[in-house]
Amino acid sequence: MQVELRQRSEASRLMVWLSPLLALLLTFIFGTLLFAALGYDPLRALYAYFIKPLTEAWSLEEIVVKATPLALIGVGLALVFRANVWNIGAEGQYTVGAICGSVLPVMLPDLQGPLILPAMLACGVLGGMAWAAIPAFFRIRFGASEILTSLMLVYVAQLLLDWLVRGPWRDPDGYNFPESRLFAADAVIPALAGRMHFGTIFALIAVAALAILLGRTLKGFEFRVIGAAPRAGTFAGFSERRSILAVLAVSGGLAGLAGIAEVAGTIGQLHPSISPGYGFTAIIAAFLGRLNPLGVLCASLLLALTYIGGESAQVSLGVSDKITRVFQGAILIFVLACDVFIRYRLHIHPRRQPACPIHEPAQAKEVP
Amino acid sequence: MLRTTIFATLAMALALPAAQAADPIKAAFVYVGPIGDHGWTYQHDQGRLAVEKTFGDRVETLYVENVAEGPDAERAIERFAREGADIVFTTSFGFMNPTIKVAKRFPDVKFEHATGYKRADNVATYSARFYEGRYIIGQIAAKMSKSGIAGYVASFPIPEVVRGINAFLLGAQSVNPDFKLKIVWVNTWFDPGKEADAAKALIDQGADIITQHTDSPAPIQIAGERGVHGFGQASDMDAFAPAAHYTAIIDDWSAYYIARVKAVLDGTWESGDVWGGFAQDMVVMAPHTDLPADVAAAAVEMEAKIRSGAFHPFTGPIYDQDGMLRVAEGERADDGMLLGMNWYVKGIDDKLPQ
Amino acid sequence: MTGSEAVILTIVTAATPLLLAALGELVTERSGVLNLGVEGMMIVGAVTGFAGAQLTGSAYLGVLSAVAGGMALSGLFGLLVLRLAANQVASGLALTLLGLGLSGMIGEAFIGQPGLKLERLYIPVLTDLPVVGAILFGQDLLVYVSAALAVCVSRFLFHTRGGLALRAVGNNHASAHMLGVSVIRTRFLAVLFGGACSGLAGGYLSLAYTPQWVEGMTAGRGWIALALVVFASWMPLRAAIGAYLFGGALILQFHAQAEGIPLPPQFLSALPYLATVAALVILSRDRWRARHDSPTCLGQVFVPDR
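Chains as they are written, first to last, in the working numbering: chain L, 1 to 368; chain B, 1 to 354; chain Y, 1 to 306.
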């Protein structure tokens with residue numbers, strides 16, 4: 001028997017809804033087996049993981065807090081990925097956004113007034129844009145792959161932050177510990193409720209704006225055409241170079257905004273570690289959300305739930321952090337795997353069917 | 001906002017009778033690393049297990065591990081406060097501000113933050129005087145070294161680490177005034193490969209004693225491989241290099257955790273700052289192995305003197321590396337100076353980074 | 001042993017795991033698959049290698065089980081991105097997450113145990129030769145394996161039919177498919193090879209470099225290996241040079257510090273990444289070379305279309 005994928009002529013509408021359910025089912029089966037094998041009550045574990053975080057107002061807020069940077073970065077990534085530009089350095093753009101946005105509160109702590117916060121946010125956006133412009137420039141000017149340059153720049157950005165908070169930006173009253181001074185009250189993003197802050201509003205605006213841009217404007221169409229068929233796009237008069245620069249700038253700017261929003265909203269100071277890998281997790285969010293802004297929003301919330309749920313399971317059942325990470329990895333793999341049925345049909349047919357040349361052994365001699 | 005309040009009240013109303021019925025108190029621990037690091041977090045978790053063992057049914061312990069400093073810390077701490085923890089231990093410096101923030105919102109929960117300097121009515125701080133042990137291993141190093149050079153694998157130039165380096169060299173200088181110390185900063189708390197490389201570089205530069213202020217057993221293991229000697233860090237690392245391991249400075253949080261949990265049980269808990277050393281059993285020396293009897297005996301004697309307060313490792317005259325007198329003849333460095341220490345003592349040639 | 005000999009030995013040890021992982025990823029990427037899960041496969045290799053050695057009492061069986069561990073994880077990845085056509089970037093990241101968790105779970109029983117060390121070779125006379133003896137003839141087996149692997153991979157890629165087919169698949173999967181090369185099978189084998197090498201690299205860490213198991217002990221080396229592949233512009237021998245350069249930079253940094261030369265450590269740590277970006281830019285400037293050197297189909301999904 002041979003299993004084969006066949007491309008559907010168009011994405012299956014049924015599978016768009018069915019595949020997440022299938023993934024959920026697989027997750028439950030896997031979770032039950034995993035937790036039972038390790039000696040935990042599977043039902044209680046799954047409850048702690050998926051249901052309990054949804055039953056308390058507090059943890060709902062925390063899910064939103066966690067999902068905010070993921071959604072902000074993720075929608076930007078959905079845009080670049082649609083344009084067939086592979087920015088996987090959002091973590092670096094996030095970090096540089098946080099650094100640039102913190103220039104004012106760290107270096108001029110006495111500054112006061114309502115204008116500081118907008119200025120900080122603007123600096124953060126510009127910082128993220130600038131950091132994303134580097135791979136864009138290298139790609140446009142030299143044809144260097146942005147996948148790799150953007151990834152390398154992540155580490156450079158993190159080391160820059162490390163140097164700043166351990167060196168020049170260290171809190172002068174902080175006993176030489178590696179963190180900046182706490183931001184003054186005017187430099188902190190106001191809270192909406194609990195730890196939820198205005199950054200969430202920015203994320204919602206970004207989702208809406210990009211949904212409109214991608215779905216309903218000529219510009220969005222241009223980006224998608226350039227992404228899908230660069231040559232055709234060029235014939236239509238669209239500039240591939242301008243597209244690359246534009247989408248990278250937007251996604252870098254959003255990552256930068258996420259960075260400064262996290263620092264000025266959730267943390268309140270600069271640290272050597274300001275992100276538990278948001279820039280990378282957002283890549284997963286972008287794909288889980290099928291590169292659709294609203295989808296990315298849902299995926300961010302789902303990912304946030306798996307984090308919060310993992311913590312909840314650790315606390316209420318004593319499940320170790322490793323197990324929660326294995327489980328989280330498994331969820332992602334199931335969702336990614338099941339998504340395939342949207343675009344492809346599973347075709348099972350008996351072995352040795354002659355109409356299947358691709359599964360015959362490689363015929364190296366035919367290669368010139 | 002309103003909904004939150006209503007919900008919180010409801011939750012409290014529901015939780016209260018249950019708590020009275022069972023009545024074990026909850027002690028929670030927030031760890032920065034994995035409990036399997038065999039170093040910092042491992043030792044804190046040993047303390048948690050000691051609490052469980054001591055109090056049995058009367059205390060329930062909870063923990064989360066691998067909590068990154070940064071945006072996640074506050075949530076992890078708050079979760080415990082909401083889960084009904086009576087006392088929450090946050091065991092990394094980076095948890096300081098999140099602990100203070102959560103403590104403000106939960107005035108009835110007691111918090112204990114390790115290695116920080118911010119306190120509140122319901123936030124106590126605690127730390128250990130590891131430098132007491134470092135003075136002793138400095139003395140051992142100077143007695144045992146043939147080359148007169150020790151290598152120090154250091155993590156980050158924060159006062160805690162600088163203090164340890166200074167104490168080590170002061171101890172060594174008390175035996176051999178010309179003793180040399182080479183320092184390599186690996187810029188991480190935990191990366192076995194890098195720590196091993198740093199130890200190799202130090203040995204190649206002539207050090208025949210290796211000591212470390214990082215968490216993995218890699219440096220002592222390298223010392224063993226290369227036929228030199230060294231000391232364990234945080235836990236007894238003798239098993240990793242039986243022939244090389246003289247002793248180790250062990251972090252022992254058990255006594256402190258037991259005392260503080262007991263204070264909560266008795267209703268006598270108060271905020272404060274404990275900076276404990278040998279005298280509080282927070283710093284413990286591992287068994288002295290492979291040492292000549294007189295060296296081991298001197299080490300034990302010095303430990304007793306420090307324990308009783310008869311001797312303080314930072315007793316003047318102490319000059320910094322620029323020749324400035326920092327502690328006058330016969331005086332002892334006060335805790336303020338120790339806590340903010342950002343200068344090297346005389347005898348170190350390197351410049352302190354930043 | 002003289003000082004400079006010892007330094008070179010240290011550099012070789014630091015470079016070996018990077019080289020092993022980079023060679024595996026290089027072959028994977030040459031076939032057109034980008035597997036960002038190197039860190040995850042490495043750490044699983046580290047723990048399965050350590051566990052294998054502890055349970056069997058043989059460091060060499062440990063090496064085999066490290067390879068098996070890395071391959072198992074890469075098999076999962078191959079299934080996902082080749083059979084199910086899932087996105088490679090996202091799957092690789094998910095794989096890292098899974099690997100880090102899985103390794104912690106497997107390793108729980110082995111914490112605090114001193115490990116078995118892969119012994120250094122000792123060939124009478126040869127190893128005792130002055131200057132070159134210890135460097136050329138006194139290393140552990142995996143050092144030689146890594147160097148030989150660099151040569152073999154290079155030979156395979158550029159001087160065999162199989163290598164030609166592999167590169168064809170990576171450069172233009174549609175044409176390769178039309179010419180009768182099984183794209184999926186070739187890529188699957190390349191992914192498995194990548195997993196085996198990453199596992200081996202992890203095993204090197206827990207069996208030779210620092211024979212112990214501690215959680216998260218790969219500490220980001222998988223990501224450096226990814227950088228190395230690009231730095232080497234997908235050429236195996238350049239990857240070897242790059243690995244020794246990366247290793248050398250790291251070790252010499254420590255020596256500079258121990259000599260009392262002050263350098264901001266963050267700057268030095270950033271150097272390999274900056275060098276990689278610079279190398280990439282310089283290589284790409286020459287468009288013709290770039291087309292020949294880099295696998296054009298990197299990261300693209302291929303599903304045979306009929």
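Derived from the structure by calculation, the hints contain no laboratory data.
Predicted model, so just to flag it, every value in this text is computed and none were measured.
Think of the CB as a built atom: it goes at the ideal place given N, C-alpha and C, for glycine as much as any other residue.
Incorrect hints may appear among the rest.
With the Cβ distance kept under 10 Å, some of the chain B side facing chain Y (calculated, not the full set) [unchecked claim]: (1) Lys-194; (2) Phe-240; (3) Pro-242; (4) Thr-289; (5) Ala-304; (6) Lys-305; (7) Ser-308; (8) Gly-309.
message: Are any of the numbered hints broken by this structure? If so, which, sorted upward?
response: The structure breaks hints 4, 5, 6, 7, 8; every other hint is satisfied.
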